[in-house]
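> Chain by chain, the residues run as shown.
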Amino acid sequence: MAFLEIKNLHVALEDGTEIVKGVDLSVDLNEKHAIMGPNGSGKSTLAYALMGHPAYEITEGEILLDGVNIVEAGADERAQKGLFLAFQYPHAIPGVTVTNFLRSAINAIRKARNGGQDDPIPVKEFRTEILAAMERLKVPRELASRYLNDGFSGGEKKRVEILQMALLQPKIAILDETDSGLDIDALRIVANGVNELVSAEMGALVITHYQRILNYVTPDHVHVFVGGKIVASGGQELAHKLEAEGYDAFIPKEAEVAA
Amino acid sequence: MTASETDVVKGIRSEYQYGFSNSDEAENYFFKSGRGLSHELVEAISEHKNEPDWMRKFRHKSLDYFLARPLPTWGGNVAEIDFDNIYYYIKPTEKQASKWEDLPADILDTWDKLGIPEAEKKYLAGVGAQYESEVVYHKLQADLEAQGVLFLDMDSGLREHEDIVKQYMGTIIPQNDNKFAALNSAVWSGGSFIYVPPGVRIELPLQAYFRINAENMGQFERTLIIVDEDAYVHYVEGCTAPIYTTDSLHSAVVEIIVKPGGRCRYTTIQNWSQNVYNLVTKRAVAYENATMEWVDGNLGSKLTMKYPAIWLMGEGAHGEVLSIAFAGEGQHQDAGGKCVHVAPNTTSVITSKSISKDGGRASYRGLLEVAKGAHGSKSKVVCDALILDEDSRSDTYPYIRIDENQVDIGHEATVSKIGEEQLFYLMSRGIPEHEAAAMIVSGFVEPITKELPLEYAVEMNRLIQLQMEGSVG
Numbered sequence: 001m002a003f004l005e006i007k008n009l010h011v012a013l014e015d016g017t018e019i020v021k022g023v024d025l026s027v028d029l030n031e032k033h034a035i036m037g038p039n040g041s042g043k044s045t046l047a048y049a050l051m052g053h054p055a056y057e058i059t060e061g062e063i064l065l066d067g068v069n070i071v072e073a074g075a076d077e078r079a080q081k082g083l084f085l086a087f088q089y090p091h092a093i094p095g096v097t098v099t100n101f102l103r104s105a106i107n108a109i110r111k112a113r114n115g116g117q118d119d120p121i122p123v124k125e126f127r128t129e130i131l132a133a134m135e136r137l138k139v140p141r142e143l144a145s146r147y148l149n150d151g152f153s154g155g156e157k158k159r160v161e162i163l164q165m166a167l168l169q170p171k172i173a174i175l176d177e178t179d180s181g182l183d184i185d186a187l188r189i190v191a192n193g194v195n196e197l198v199s200a201e202m203g204a205l206v207i208t209h210y211q212r213i214l215n216y217v218t219p220d221h222v223h224v225f226v227g228g229k230i231v232a233s234g235g236q237e238l239a240h241k242l243e244a245e246g247y248d249a250f251i252p253k254e255a256e257v258a259a
Numbered sequence: 001m002t003a004s005e006t007d008v009v010k011g012i013r014s015e016y017q018y019g020f021s022n023s024d025e026a027e028n029y030f031f032k033s034g035r036g037l038s039h040e041l042v043e044a045i046s047e048h049k050n051e052p053d054w055m056r057k058f059r060h061k062s063l064d065y066f067l068a069r070p071l072p073t074w075g076g077n078v079a080e081i082d083f084d085n086i087y088y089y090i091k092p093t094e095k096q097a098s099k100w101e102d103l104p105a106d107i108l109d110t111w112d113k114l115g116i117p118e119a120e121k122k123y124l125a126g127v128g129a130q131y132e133s134e135v136v137y138h139k140l141q142a143d144l145e146a147q148g149v150l151f152l153d154m155d156s157g158l159r160e161h162e163d164i165v166k167q168y169m170g171t172i173i174p175q176n177d178n179k180f181a182a183l184n185s186a187v188w189s190g191g192s193f194i195y196v197p198p199g200v201r202i203e204l205p206l207q208a209y210f211r212i213n214a215e216n217m218g219q220f221e222r223t224l225i226i227v228d229e230d231a232y233v234h235y236v237e238g239c240t241a242p243i244y245t246t247d248s249l250h251s252a253v254v255e256i257i258v259k260p261g262g263r264c265r266y267t268t269i270q271n272w273s274q275n276v277y278n279l280v281t282k283r284a285v286a287y288e289n290a291t292m293e294w295v296d297g298n299l300g301s302k303l304t305m306k307y308p309a310i311w312l313m314g315e316g317a318h319g320e321v322l323s324i325a326f327a328g329e330g331q332h333q334d335a336g337g338k339c340v341h342v343a344p345n346t347t348s349v350i351t352s353k354s355i356s357k358d359g360g361r362a363s364y365r366g367l368l369e370v371a372k373g374a375h376g377s378k379s380k381v382v383c384d385a386l387i388l389d390e391d392s393r394s395d396t397y398p399y400i401r402i403d404e405n406q407v408d409i410g411h412e413a414t415v416s417k418i419g420e421e422q423l424f425y426l427m428s429r430g431i432p433e434h435e436a437a438a439m440i441v442s443g444f445v446e447p448i449t450k451e452l453p454l455e456y457a458v459e460m461n462r463l464i465q466l467q468m469e470g471s472v473g
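Chains as they are written, first to last, in my numbering: chain A, 1 to 259; chain B, 1 to 473.
Honestly, the hints are just simulated from the structure, not real lab data.
Be aware that a few hints might be false.
[Stated by the list, open to error] Examples of chain A residues toward chain B, derived with CB under 8 Å:
no.	residue
1	54
2	91
3	151
[Stated by the list, open to error] Footprint (simulated), chain A over chain B, 3 or more residues, beta carbon under 8 Å:
no.	segment
4	415–427
5	437–445
No experiment lies behind these values; they were computed from the predicted model shown.
The beta carbon of each residue, even a glycine, is placed where N, CA and C say it ideally should be.
Chain A with its partners taken away, still in its complex shape (with noise of 0.2 Å):
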């Protein structure tokens, strides 16, 4: 059984429309998916169901992580269990500054895996690791005493979600749309650290709506996303029809097959 098992996942908004329309799908540790879709077809839905987000409702299937459904955890727990989502675009919380926020983050995780004792990072290894993953990322120095995202430009923003994903070290990471906003070296840069993280220990689920990114991140699987479904799944060739031929050669035919 691969580490995150979705299956016939339906997920309806508070007014009850249903957004996505029964997922099955599989990422194992060492794995990268990639899910392409147009706008609009749910994908970021998707992704913040798999999270936990409170406003979006889980009507009927099952996420099993590890073997365990999460369908009724809270978002921290999820976390704690080895989820992570690299947002779309993340929030701003000012007056916390990334390494506290940092910090808690880890001491929180630490914590849940520790039987819920608290086993907090000593002081020096943090610094080691903070200092270590933001080289590697190229995130400037400066950012760390800053404010969570608080006026952070869009590439700061996602460097920022990387650098958090490589000190969680989560066994399933979900980047949505990372690459949107980012100019080419940035997305070298955040191409390259997804790249170094996914491992025997972490494997990666990249939501995009452009086949860009996927030149970086050389995905296994590739998953075609419309209307709420995945309607093709293939190898990295399917990535490429897609660029080349668009969505619509998908849409009207597979969407008459799932009605």
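Position chain B relative to chain A; hints supplied.
The following block gives chain B in isolation, referenced to the frame of chain A:
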């Protein structure tokens, strides 16, 4: 005793950790007045303290003012205060101690639980500790004493430096300034008396700690601080009380004079239990190029009405009020600040951050006044309110009076709700909901906590954390 104990236990909120009381010791006081307020009581207090005649008369006159004035009808609801049910004067020990171990064991135990002796060792230049009506412990570092710094409790100040007290007391806050200042002037006891000689800069803070222990206690400390030319002092006060089912009253008066080039910072971390009415008048005057700063943290009490004021009397004077108010269930924080520009080229900043949750109500009430002739004055008022849920409330009452054209005045106010998206973002990193909410709140007040000495910033964040625990989700 068992009945009242049950009531005490019922009243305990899990978040408030200073709610313990020395109930067994309650009757061990050296002197305890009867309930209620009268000229006989005022006479007894003055007699007990062996005060000069002018002070005795000052008290009686103040009581007349208090009785003649109506209760304020603005701000919070003070109509339920039962003035006849309050103990106005309780003297816990016969003598003041200058060594902690000289205090009675139960009182020492209270201070130990509050961590005051420990704090003194680590980072304070002097400590005064008031228990009920009297300062039971007082100590100033010897080198400061040698430099002529005076740091005494107010009663000792009056005994040992009567000329200074007589010269200044009631000049900044007249005895008839408002009903509660009049009450304080009539029955005051304890508080701090500080004089910093010219050019003396006290690097470590002086701290006074105020503790109400008895039920239905009224604590009326009186503080007078004189910072002479080019001198500096940072004075910190902390306040706690046990939780009772009936109310106590804390009504202080604080008068501060900052002479030319001097600087005074006055930091309050008020954490009264939720049965305390906290009705305090604080006012400072700042002369040429002097700086006065109020850092005012209000987390506890049932109702707080407090608006630290600065009168900028000399050219180039600077005033700052940083105010944090946290109103939880059953609490009303009516707080803010006042800056009055009397002299030209004076500057002021008022920054207010309020948080309300669980039906609490936080109001900013402030005054900015620029008198005719105070040209070239600059002032900025920023009030930000954070509302944590639908049941809670925030109000802003900014009063601005400008009688001079050549001024630069700015006012900004924001009201925000704790964002579901911010919470989700932090939680998605493994941080539990209440911790995430506390983090957002700590961040919100960070512009003020970063002004506090490290130990107090840590304390403030811890108090916020406690206030937030179990309240969200």
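> Taking the hints in turn, state whether each one holds.
Hint check:
no.	hint	in the structure
1	54	7 Å, holds
2	91	4 Å, holds
3	151	14 Å, violated
4	415–427	holds (count 8)
5	437–445	holds (count 6)
Comparing the model with each earlier hint shows a violation of hint 3 alone; every other hint is respected.
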